[in-house]
Amino acid sequence: MGKVFTKKCESEISREKTIVRTGIIGIVANVFLAAFKAFVGLVTNSIAILLDAVNNISDAGSSVITIVGTKLAGREPDKKHPFGYGRVEYLSAMVISWIVLYAGFTSLVASVKQIIHPETPDYNAPSLIIVGVAVVVKIVLGTYVKKIGTQVNSDSLVNSGKDALMDSVISASTLVAAAVFLIFGISLEAWLGALISIVIIKSGFEMLRDTVSSILGERNDIEVVKGIRQTVTSFPDVQGAYDLVLHNYGPDAWNGSVHIEVPDNYTADRLDQLLRDITEKVLAENNVILTAIGVYSLNSKDEEVVAAKKKASEIVLSHKYVRQMHGFYLNKAKKIMRFDVVISLTAKDRKAVYFEVVEAVRKAFPDYDIQAAMDTDFAEE
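The numbering of the sequence shown is numbering that gives the first Met the number 0, which starts it at 0 and goes up by one.
It is worth saying that the hints were derived from the structure and are not from the lab. Glycine included, each C-beta is placed from N, C-alpha and C at the ideal position. No false leads were mixed into what you were given.
Simulated crosslink set (SDA-like; lysine to any residue; CA at most 20 Å straight-line):
1. LYS308 with VAL294
2. LYS225 with ASP276
3. LYS70 with THR149
4. LYS362 with SER312
5. LYS310 with ILE335
6. LYS145 with LYS161
7. LYS16 with GLY73
8. LYS308 with ASP263
9. LYS310 with PHE364
10. LYS308 with ASN298
11. LYS145 with ILE200
12. LYS146 with VAL19
13. LYS309 with GLN370
14. LYS225 with ASN152
15. LYS145 with ASP209
16. LYS300 with ILE335
17. LYS350 with LYS362
18. LYS362 with LEU329
19. LYS310 with LYS334
20. LYS145 with VAL94
21. LYS70 with VAL27
22. LYS300 with ASN330
23. LYS333 with ARG361
24. LYS333 with TYR295
25. LYS300 with HIS325
26. LYS310 with LYS362
27. LYS310 with ASP366
28. LYS300 with LYS331
29. LYS16 with LYS146
30. LYS201 with THR105
Here are the in silico distance ranges between beta carbons for each label pair:
31. GLY216 with TYR328: 29 to 35 Å
32. LYS310 with ARG208: 43 to 49 Å
33. GLU355 with VAL108: 54 to 60 Å
Construct the entire structure; sequences and hints are all you get.
Structure, rendered in structure tokens:
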């Protein structure tokens, strides 16, 4: 287990260094671009190019926030926050979303003012070449930052990359506006600026929506769930993995619990070793820390119990919204039957389905006290 934790820590350190390095590249590139565009905007009297320069400054600020957020998220757990500070990255991604929104609204206001009180731009070849180079730089920078963000699962970097790519569109549009003005003598950049501002605002809202969704807590990642179940059930004596619940404490920081079903002839020491092996293997292969593993005992000796389980399972699974039955236990002496029934989240009234299932099983086993628990599949597709 120690080696696995060491590898996990090394991976986290490597991820942090990658994000910081990418953020610094973004800061340097955006500061230079802002300086060039501000100069060109002032010389040519172009509101679009000046707004583009302001956007670059906001992008540099986004990179600073990304770095600070990553550093704060990497702090060691303490008494107040025993699960660490990983979720700070979601907050930094949210701040970047607000910056994008602010830039969009600011650009829209400036563009509308320019529409009401138009000014004639004064384009020249050197200034347009600089803007053209800026377009290429922004496309390369945005693609690179977004790619790295996806690789290290950093919402902040992904948002910064999207913002940079959006800026490349803005820069390209100024070239289009300049071409239209030079060829036809028509100034469209204020109208174009307004249109682009609306696109930026829309992008900012989408970023904010996705970040808020992550903070609220989304369903378990399907691929992560499948991977954990495959790992757990790879042990020969594990007959099933159920009730998997994952808690996210930042990108790639998962804790969870699961129930397994094993034969009823397992001794305590043998079961203890199995649980330790499962925990270690899940951490090594799926990068998830299992904080608890519950155990269901699978009756393998009493044919009457096996037959009762089969019959109850057929009844339960015959209902439309039932996804699974597990944790079956039958006490013949006390006349108690227990099991968990997983009811789909798509059912309009899950409780109604639950009561219907319990009543059906009760009719089939009138002599037994039916103790069924309604369960949820948190990774339901």
